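Residue numbers (this note's numbering), protein chains in the order written: chain S, 309 to 675; chain G, 309 to 675; chain W, 309 to 675; chain Y, 309 to 675.
Hints were generated in silico from the structure; no laboratory data involved. Fair warning: this is a prediction, and the values are worked out from it, not measured in the lab. Just so you know, not all the hints are guaranteed correct.
The list treats identical chains as one, so a pair stands whether inside a single copy or across any two.
Below, a list of computed lysine-lysine pairs in the DSS-like style, where the Cα atoms sit at most 27 Å apart [as the list claims (entries may be wrong)]:
| # | residue 1 | residue 2 |
| --- | --- | --- |
| 1 | Lys487 | Lys393 |
| 2 | Lys552 | Lys393 |
| 3 | Lys520 | Lys393 |
| 4 | Lys393 | Lys344 |
| 5 | Lys329 | Lys393 |
| 6 | Lys310 | Lys344 |
| 7 | Lys344 | Lys315 |
| 8 | Lys329 | Lys315 |
| 9 | Lys552 | Lys487 |
4 protein chains.
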Amino acid sequence: MKAIAVKPRNPNSVHLADLPKPRVTDVPNGRGVLVKVLKVGVDATDREINDGLYGNPPPGYDFLVLGHESFGIVEEVGPSVRHVKPGDYVTCTVRRPGTSIFDRIGRSDITSEETYFERGINLLHGYLTEYYVDDAEFVVRVPPALKHLGVLSEPMSVADKAIQQVYEAQKRLLVWEPKIAYVTGAGQIGLLVTLILRLRGVEVFTIARGAKPSLKAEIAEAYGATYVSTQSMSLTELAKHTGKPDLIIEATGNSAIAFEAMSVLGHNGAIVWTSITGGQRKVEVATDSINLNWVLGNKLLLGSVNANYRHFESGISDLAQGEIFYPGVTQRILTTPVNGLDNYQEMMRQLVDSKEALKVYVNVAEG
Amino acid sequence: MKAIAVKPRNPNSVHLADLPKPRVTDVPNGRGVLVKVLKVGVDATDREINDGLYGNPPPGYDFLVLGHESFGIVEEVGPSVRHVKPGDYVTCTVRRPGTSIFDRIGRSDITSEETYFERGINLLHGYLTEYYVDDAEFVVRVPPALKHLGVLSEPMSVADKAIQQVYEAQKRLLVWEPKIAYVTGAGQIGLLVTLILRLRGVEVFTIARGAKPSLKAEIAEAYGATYVSTQSMSLTELAKHTGKPDLIIEATGNSAIAFEAMSVLGHNGAIVWTSITGGQRKVEVATDSINLNWVLGNKLLLGSVNANYRHFESGISDLAQGEIFYPGVTQRILTTPVNGLDNYQEMMRQLVDSKEALKVYVNVAEG
Amino acid sequence: MKAIAVKPRNPNSVHLADLPKPRVTDVPNGRGVLVKVLKVGVDATDREINDGLYGNPPPGYDFLVLGHESFGIVEEVGPSVRHVKPGDYVTCTVRRPGTSIFDRIGRSDITSEETYFERGINLLHGYLTEYYVDDAEFVVRVPPALKHLGVLSEPMSVADKAIQQVYEAQKRLLVWEPKIAYVTGAGQIGLLVTLILRLRGVEVFTIARGAKPSLKAEIAEAYGATYVSTQSMSLTELAKHTGKPDLIIEATGNSAIAFEAMSVLGHNGAIVWTSITGGQRKVEVATDSINLNWVLGNKLLLGSVNANYRHFESGISDLAQGEIFYPGVTQRILTTPVNGLDNYQEMMRQLVDSKEALKVYVNVAEG
Amino acid sequence: MKAIAVKPRNPNSVHLADLPKPRVTDVPNGRGVLVKVLKVGVDATDREINDGLYGNPPPGYDFLVLGHESFGIVEEVGPSVRHVKPGDYVTCTVRRPGTSIFDRIGRSDITSEETYFERGINLLHGYLTEYYVDDAEFVVRVPPALKHLGVLSEPMSVADKAIQQVYEAQKRLLVWEPKIAYVTGAGQIGLLVTLILRLRGVEVFTIARGAKPSLKAEIAEAYGATYVSTQSMSLTELAKHTGKPDLIIEATGNSAIAFEAMSVLGHNGAIVWTSITGGQRKVEVATDSINLNWVLGNKLLLGSVNANYRHFESGISDLAQGEIFYPGVTQRILTTPVNGLDNYQEMMRQLVDSKEALKVYVNVAEG
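Pulled out of the complex, with its shape left as it was, chain S reads as follows:
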């Protein structure tokens, strides 16, 4: 069967590979789930792997199948599998457990090991192919009513984990409830975070470079947030206007913004960094002032990455709520379909070049 693959560490090596179709028995103890792939989203990680920046093939291969944002339909399950059955729509987690105590409790997303095993990223083939098999432990059901949003399950899981982590960490304050949040960045993560925070009753300011009108601004505002272009107002000016925020979610990956955000946070507030770039930039930071404000205001900064089974579940739950509270909005993120695995060059071109694309994804099959 066909698969979109790269030769890791070889820039621009994206190509069509051939793999044997997997069997449900490839997973022992009757726990296999065979999934027919329907849609796969791609993001900056796929682009950077194709740029040769990181990623490794599975043992015994010289290529790595891309794709970690999957949506498909179950074709067959092993005899021990109970929570999904043929015909169910599903998504699948990305990272596989190592051996740390966190891995042993089903939380490989916070593994303390240095080597990650991640489908489509490192040491395991991804989902940009026709079929895959995995252990039922990693396969998450998507209700039919969310079929049109299923390909957003993985980015939504990452957004949900970030928000859950900060609410958990802020329980240190016993009665903390954020009133005002800033979301820096209005890409897919920024917009999905905007949705999650709106569902939790928070007043949200979604902040990005581009001026209105724009699709990003429209989506943010359809979620009931206020869109702010940094061309018209800096973070500092905005904070004068709104009062200092209780929560900031950084989703630009621009480290200068990540640190600038530290300067406008309110007392007892929290920042979550969710995005990165692979760069080596150094920036002059007002270290004395940030140090002082962080201490006197009992503030908190958190990094968050990846997601596990429970975050996929809660992410899907939040997509569900989104359809009831803001019907029809989330699907507007799905800007840029590419039809068929054969169109891998077009997929990569959209990913690299398109200014308008909020989400590039491949329609692998009908279903």
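With chain S held as given, fit chains G, W and Y onto it using these hints.
Frame of chain S, contents of chains G, W and Y only:
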């Protein structure tokens, strides 16, 4: 009665003031506690107030009595007071509640208000005098067996709060248990944090500039920690040697070190900043790299300041444990007594000039 | 305007009362919300108040307007109100805060005071009337897509609080995740709890007296639960079949069942009692055996009642998820509409006599 | 070497057995710790095993060495052992891990498995012998200053776990702080719980059958608690006097008292059952009333048993605090020493017959 006071915002205005002796009835509803002051510690905050950097007098006064680290003996209590009685040794919290939700649950240490009411610091007279009266709500009992350490109650409460906050925040990771901790700074807070972490079974590296032998190094090692001089090894080199730490407590107030520490923290690790300087320094920071490592490692940074009733209690409990697990060590922090309120110039001189002083404190009265 | 009221402590005193229409300015500081009532649900509490068992009129009245399960549409808001606006569908919480620390943090549902102020139950008029005004703090928005389920907001809030409390309490076990839950009782609370647990991925056995087929059984099974009639299998037999449950939610109010359930719970398991009767029954209990199993198995029992703003919000969120995961199921609980306040006798008759009614509610107005 | 053993399931089979001296290499990977036994406490569990009620020998043996409350001195450690060294005083945990998720995170005390592996109780030899070897993971250091109390480490660990569990569970209430606690039972667990709660600042009423004066009453009152004899006042009468308690710790093992205590608990309160009897008693319980009060008051009941490494550590910390806050009190619990393993009959006689014994323990060796 005598009191050591300053004229806030007037550099080097420390002087001897005169106040009427307070009465237990100054606090309404029978909740007053009249305390005879025995010892009062001073620290960088007192020095900076005398430098004119911050601090405000109480309404109706043009001077502010200094001193927020108190130890005394109860002389009289109002009829509603149950948890202390005349003859009890006591300490007293520093900040008084405002009106935020945190203040209303007894946690003024995390008030979300901008104005603090703090005895000896802002808008309320301090303890560097002969007697004080306060509401029983703020008066904390010290057992007689800790009489010799009572003047450390306030710094210990601050150290305890910082550690409690980070353990609470790290519950986001469900099963986090730090194995290796770095403490940067070996002043009183650094050493007390060293003690607390040792009591929790953590392997501690206490890191400061000075080379061994030194009193700081001796105390850290008597607590079972390893003392490391940055003259012999940088944080980065140390991390290569020990493995990246799970926890870093920053107690130098040097913002360059505060940010440098971010670069050596391990996965899922946490840093607490506990100290500040009043400067305006800017430093070039490897922002891309810190951003990336913070996200991929799910790391956490916390600021912590002040302490409340429960932290004073747990601080005193930790001093008690210290006496059993490391008998006779903690009192070595009490390097520099000054006898009598009249010696306020000597007190300030030791605070400003002494290189050897770990803790300057005034013996106000016998008891 | 019309209102359905009782004379508390006078059995069967239900009657039509007359009240002046409230004004948005009845609430100070511009925080009033004037709501036109659309539907109001009634339950055993209303029946027991009409039986004269409890309840008190507001000061200055000799009658109490019934109804604590409200759904309506906003007609007017004061100038300080931001989170709802005219035309929004809303529900409203039941209990109003006293002065305990729990009341002060927005959690009157766990007040430690003995006297409750509850709309339609004690000391405050209820919602079985044409209009009401309340402080915006207690008014919760319902999205238009849930308009058909809005009258279930209050019972759902109670169900949600119960589940949230037990998950919070079980964090004492760090990594507890229930696999199998029993829900005893298939009235509205039992069925809504079934939904919530199914949304959390738990395998649920909903257990009630009646044999299949029945509407209760159909709803439970449409939520993906297994319905078990106690006529065919006792709790003990069921536990032999399924393994001992990790979680039991008791929603019959039958105290014999409440205690029987304690005997079948698994290690580390938890029971929540959510229902009561006003009786004085005594039952012979295997106290030694329950005591032993509770200790050796580290088990937990929780009582839960009432709900607050955040529980209403999460209850509405769970209703939203229910529409996506199990479309069209929840509305089947709404068995028994009564048209118009004038039909108060019919309302009470259905509440008292109907064997088939899962939910009796009054259609007060169109909207 | 000598050991005190029983033939499980054979009533009154206590005898002196002979075992080879273990070697530090009996534990693989250099993790062995060889401990010379100094003192071993015995309790009702040992008595009931000798009564033939439960307990099993290790595989390959027809006898079981008794003793699970150990205190000793390290003689030798394997090369991988870091946290203890020869000459250190130590105690050792009782239960060994199975395979459940709780066992995998170091919490065998809350294993969800049905079979326990417990030294001196089930399937593993106990400590009533001259030497033992165990994995360093289970060996807990006792500071020399607590040498005289070391034999109380195990019961204190059990008391500490119970208190920690209830404080953790009550975090469901965000700001819960118990003011008044009842401790039912003034045996060793009741008294140690009294100490722990007093150290946390709670007003404690320790309640037992016997009238004052008595050693139990003296110890409770030396901890600052109020001793109440049920001969002079019932729980219900006491609650009228003190107000309903926020917390009750049941340590009689009398199931009638365990259930009676449920009737006097205050709103939002919690009960912990820590003790059991092996009986089959049934008691008539006011089930309707308890059910109603439990629900309306949002109350909680917890069972707690056993303890793990961290509880031993915190238990030892609380013994340390006890020596500072209430010097010399705790050792009064150690009423009844028996000298030498040869005196096993005397040990069992004291355990069975002595009315005055609070704690029977064997002095195995000097050290």
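Exercise for the section: First find the shortest C-alpha distance between Lys310 and Lys344 inside one copy, then the shortest across copies, and answer within, between, both or neither for a cut-off of 27 Å. Expected result: within (12 Å within a copy, 60 Å between copies)
Problem - Alpha-carbon proximity between Lys552 and Lys393, which holds within one copy, between copies, both or neither at 27 Å - result: Only across copies: Lys552 and Lys393 sit 25 Å apart there, 49 Å inside one copy, limit 27 Å.
Handout entry: Intra- versus inter-subunit Cα pairing at 27 Å for Lys393 with Lys344
Key = This pair counts as within: shortest intra-copy Cα distance 13 Å, inter-copy 47 Å.
Practice task
Since the copies are identical, ignore which copy is meant and state whether Lys329 and Lys315 lie within 27 Å (CA to CA) inside a copy, between copies, both or neither.
Solution key: within (21 Å within a copy, 61 Å between copies)
Practice task
Evaluate Lys329 and Lys393 at a C-alpha cut-off of 27 Å and name the case that applies: within, between, both or neither.
Solution key: So Lys329 and Lys393 pass the 27 Å test inside one copy only (19 Å; across, 56 Å).
Exercise for the section: Evaluate Lys552 and Lys487 at a C-alpha cut-off of 27 Å and name the case that applies: within, between, both or neither. Expected result: Cα proximity of Lys552 and Lys487: one copy only (10 Å, versus 36 Å across).
Handout entry: Alpha-carbon proximity context of Lys344 and Lys315, limit 27 Å
Key = within (24 Å within a copy, 61 Å between copies)
Exercise for the section: At 27 Å max between alpha carbons, let me know whether Lys520 reaches Lys393 within a copy, between copies, both or neither. Expected result: For Lys520 and Lys393, the Cα distance is within 27 Å only across copies (26 Å; inside one copy 45 Å).
Exercise for the section: Measure nothing new, just compare the shortest in-copy and cross-copy C-alpha distances for Lys487 and Lys393 to 27 Å and report within, between, both or neither. Expected result: between (42 Å within a copy, 18 Å between copies)
Hint compliance for this structure: every hint is met.
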